[in-house]
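Student: Sequence:
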Amino acid sequence: MNDEALEQAINALQINSVSLFATQCSIADQFFPAYDPLAENIQIQSKHLISRTEQIDFEDDEGRTVKVIRFHAEFGTRMMLPSSGELEQKALIEATFVAEYKVADVELSEEAIKEFALRNVMFNVWPYWQEYLTSTCSRMELPKSELLAPKGASFQH
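Anchor point for the sequence shown: position 2 equals 396 in the numbering used here, and the numbering is continuous, going up by one each time.
If you're looking for bench data, these hints aren't it; they were derived computationally from the structure.
Within a straight-line C-alpha distance of at most 25 Å, the following computed SDA-like cross-link-like pairs (lysine to any residue) qualify:
#, residue 1, residue 2
1, K441, Y526
2, K538, P521
3, K508, S445
4, K496, R458
5, K538, N518
6, K496, N514
7, K496, L414
8, K461, V492
9, K441, A416
10, K538, Q437
11, K441, W520
12, K538, A428
13, K461, V412
14, K538, E480
15, K496, E401
16, K538, S420
17, K461, F415
18, K441, Q418
19, K496, A399
20, K441, Q524
21, K496, F452
22, K441, L512
23, K461, A399
24, K496, A406
25, K441, F425
26, K538, C419
27, K496, T447
28, K508, I409
29, K461, R446
30, K461, S411
31, K461, W520
32, K508, Q449
33, K441, P521
34, K508, S411
35, K538, P431
36, K461, V497
37, K461, Y522
38, K461, N396
39, K441, S529
Could you build all of it, start to finish, from the sequences and the hints given here?
Tutor: Written as structure tokens, this is what we have:
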């Protein structure tokens with residue numbers, strides 16, 4: 395971890411928005427979570443990662459160049475039940491959120507952007523995922539799952 399690079403990014407980036415970019419959810423055929431007593435034994439598998447970053451320059455209404463960095467944060471939860479010694483997927487909820495940050499008039503190193511993605515973006519986006527997962531579980535009549543804040547994220551570039 396590079397605290398100096400992270401500090402550089404924190405000083406240069408200001409959050410602009412967090413929005414839902416893509417989502418999918420499904421329940422396995424013949425799985426009725428509201429009525430299945432085994433649903434209490436569901437095991438949760440989770441993912442969270444920054445899958446993409448993109449830097450965009452555009453002009454504002456006054457003709458000034460505005461720099462933006464967009465981070466694509468992917469989250470997923472699979473609900474698995476033991477079946478014949480194996481785990482079988484019973485439900486899947488996935489979402490990608492885009493966190494957009496305005497960049498101050500400074501050049502950021504690739505390392506600063508990566509440190510920021512891993513150590514700040516996930517925590518900025520986490521409440522949006524938590525709300526989305528909770529409401530989607532409720533709509534799908536799935537058991538509520540305990541969500542723990544991510545200890546670390548992976549970064550794909």
